[in-house]
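Visitor: Chains W and R are the protein sequences, given in the same order. If you count the first sequence from 1, position 6 lands on 1450 in the working numbering, and the numbers rise without skipping. If you count the second sequence from 1, position 97 lands on 1541 in the working numbering, and the numbers rise without skipping.
If you're looking for bench data, these hints aren't it; they were derived computationally from the structure. Among the hints, a few may not be true.
Said to hold, decoys possible - Where chain R lies over chain W, by a calculated footprint (3+ residues, C-beta under 8 Å):
id, stretch
1, 1562-1569
2, 1603-1614
3, 1647-1660
4, 1666-1672
5, 1684-1698
As the list claims (entries may be wrong) - Which residues of chain R face chain W? A few of them, derived with a C-beta cut under 8 Å, are:
id, residue
6, 1610
7, 1612
8, 1613
9, 1626
10, 1653
11, 1658
12, 1686
13, 1690
As the list claims (entries may be wrong) - Computed beta-carbon distance windows for the label pairs:
id, chain 1, residue 1, chain 2, residue 2, range
14, W, 1580, R, 1650, 33 to 41 Å
15, W, 1490, R, 1717, 42 to 50 Å
16, R, 1673, W, 1490, 26 to 34 Å
Here a beta-carbon is modelled for each residue, glycine too, at the ideal position from N, C-alpha and C.
There are 2 protein chains.
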Amino acid sequence: MSGSGTRYADWIAVDWGTSHLRAWAMRDGAPTAEATSDRGMGRLGSADFEPALLDLVEPWLEQDRTTVVACGMVGSRQGWAEAPYAQVPARPSSDRLTRPATHDMRLSVHILPGLKQDSPADVMRGEETQIAGYLTANPDFDGVVCLPGTHTKWAQVSAGEVVSFRTFMTGEIFSLLARQSVLRHSIGDGWDDAAFAEAVDQTISRPETLATRLFSIRAEALLHDSGPASARARLSGTLIGAELAGSRPYWLGQRIVLIGEAGLSAHYARALSLQGLDAQVIDATDATLAGLTAAWRMLEEALT
Amino acid sequence: MSGSGTRYADWIAVDWGTSHLRAWAMRDGAPTAEATSDRGMGRLGSADFEPALLDLVEPWLEQDRTTVVACGMVGSRQGWAEAPYAQVPARPSSDRLTRPATHDMRLSVHILPGLKQDSPADVMRGEETQIAGYLTANPDFDGVVCLPGTHTKWAQVSAGEVVSFRTFMTGEIFSLLARQSVLRHSIGDGWDDAAFAEAVDQTISRPETLATRLFSIRAEALLHDSGPASARARLSGTLIGAELAGSRPYWLGQRIVLIGEAGLSAHYARALSLQGLDAQVIDATDATLAGLTAAWRMLEEALT
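One chain only, chain W, in its complex shape (with noise of 0.2 Å):
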């Protein structure tokens, strides 16, 4: 069906999370097309998903039936359908898909599985197709894959399969203290660099300061002037300086790649840097492409 003269698509490509939801059309390899909606699985019930994706992908759609591969929070238990985890130590990507009910017979919708991890308990949910994206390009990596976000992962690599992995609330613990805690009064837009290395270097070093540090941002805007932009660095890096104590075991001595929004990518390269290490940094969407593109082929493999 690949490549096929007539299609707008030949296959559909969808990256569901919790609050967003966006699909790329895609033929000969690459997309043609983007869609993207704020209909993620936190705000649909069971029977919302397929008219939500078709609001996006019907103009792409044949008379005949379309392929769409799906990894994140839709297959959650919440989600669609549930696609299983599957337990690490285990390839990030995975053949066995889950396959909702569907309504409309041009649709044929298929749900990565995420992976889970027993002890320390923990798991995910589209970040693994990511890291499968970065090694169909890089098959023999063995390392350390950190993919920034609103549930920050650290996942390490060797021989193909993610061994273990660990999940940090950075992002999420962010935004709430930035937008709804008391530090909102001192949080505003902008950049300084110096108070952010400063703060990474003070909570690497000393991480059980974390807790009184958060509040010694909205104390130094009230006695010392010190800004909007210096506290929402201060408040960045001293989180993500807490989670790079955290993850230490990860990152120490290891090739580090890491997946995300450039911007944020940027702010764990730098924190990064000040340890000393270098990190290889790799666009999200291209890797969640790469990534849905190597399920898509395993099964048009396995149905041919």
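For chain W, the structure is supplied; the task is to place chain R on it using the hints.
Guide: Showing chain R alone in chain W's frame:
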């Protein structure tokens, strides 16, 4: 004026925080009536303070002036009138009161100052009055006072002065994570003391793991059905453990007094007992009233 036979209230005590307003009619050294509202400083513009107060205390007023003594965020820059901070080391009670302009001739309002610390930058408003209240009955106290709450304070007290203090955003972070983060799906009512104790122990001994232990609460619930009461206790224990790790220079080898709401103080007392420390627990309202009474007495002495 004290103890005059026909007055309903000799004076009025007010605890006015960010999210609450509490007033007591005081007569012969004890409260004879109490009134509360949710019109905290955070919800009021500058013109709203006097009406909010009158709504509560009007039934207690006489023809002539009644003295009102207030502590808390009502004295902040965004409050009714800014009561400048005293710089530590300082006595927690002060006779430098701020008088906001009032329209009702029956009110004579006095706002207590907070405390500030230049480095590390820190501020408090309200807790100093509770410390002052404790010191009226324990003037020779030498040790550390912990005031658990939205923003928990640890204060080193010696020779009647607050020598230094630090603020931990533990209560606010607990509330944000329990109600608004991904952890809200796993946290419910109830308590699990064993889970609390284990979490305190883990975070206090390895504070760098705080950032990853939080998401584990979610993953444990997903993978191992750990239950909503256990999740609540683990979140509390993880955050209080992190606070104890950061406040260790305060409590190590010290006499400790806890001033706070009974349920929360009990969690702190339990966490400290796990470190082999026996804390004295003081009711927050009693301490507030004692501190406001001490301030009122100083005011009376200055006026007569």
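Visitor: Next, verify each hint and record whether it holds.
Guide: Against the structure, the hints come out as follows:
With a cut-off of 8 Å between beta carbons, the stretch 1562-1569 of chain W has 5 residues touching chain R; three or more are needed, and the interface restraint holds. Here the stretch 1603-1614 of chain W counts 5 residues with a CB under 8 Å from a CB of chain R, which clears the bar of 3, and the coverage holds. For the stretch 1647-1660 of chain W, the assignment as covered by chain R holds, since 9 residues bring a beta-carbon within under 8 Å of that chain's beta-carbons and 3 suffice. Here's how the stretch 1666-1672 of chain W fares: 3 of its residues keep a CB closer than 8 Å to some CB of chain R, so the rule of at least three is met and the hint holds.
By the rule of at least three residues with a Cβ nearer than 8 Å to a Cβ of chain R, the coverage given for the stretch 1684-1698 of chain W holds, with 6 such residues. At its closest, the beta carbon of residue 1610(R) sits 5 Å from a beta carbon of chain W; the interface hint therefore holds under the 8 Å criterion. Given the 8 Å rule on beta carbons, the hint for residue 1612(R) holds: about 5 Å separates it from the nearest Cβ of chain W. For the restraint placing residue 1613(R) at the interface with chain W, the shortest Cβ-Cβ distance is roughly 5 Å, inside the 8 Å limit, so the hint holds.
This hint holds: residue 1626(R) has a C-beta 7 Å from the nearest C-beta of chain W, less than the 8 Å allowed. Satisfaction of the interface hint for residue 1653(R) is found here, the shortest Cβ-Cβ separation to chain W being roughly 5 Å, below the 8 Å cut-off. At about 5 Å, the closest approach between the beta carbon of residue 1658(R) and any beta carbon in chain W falls short of 8 Å, and the interface hint on this residue holds. With a least beta-carbon distance of about 5 Å to chain W, the hint placing residue 1686(R) at the interface is held under the 8 Å criterion.
Interface restraint check for residue 1690(R): the shortest CB-CB distance to chain W comes to about 5 Å, inside 8 Å, so the restraint holds. A beta carbon spacing of about 37 Å between residue 1580(W) and residue 1650(R) agrees with the range 33 to 41 Å that was offered as a hint. Here the CB-CB span from residue 1490(W) to residue 1717(R) is close to 47 Å, well matched to the stated 42 to 50 Å. A beta carbon spacing of about 28 Å between residue 1673(R) and residue 1490(W) agrees with the range 26 to 34 Å that was offered as a hint.
Of the numbered hints stated above, none is contradicted by the structure.
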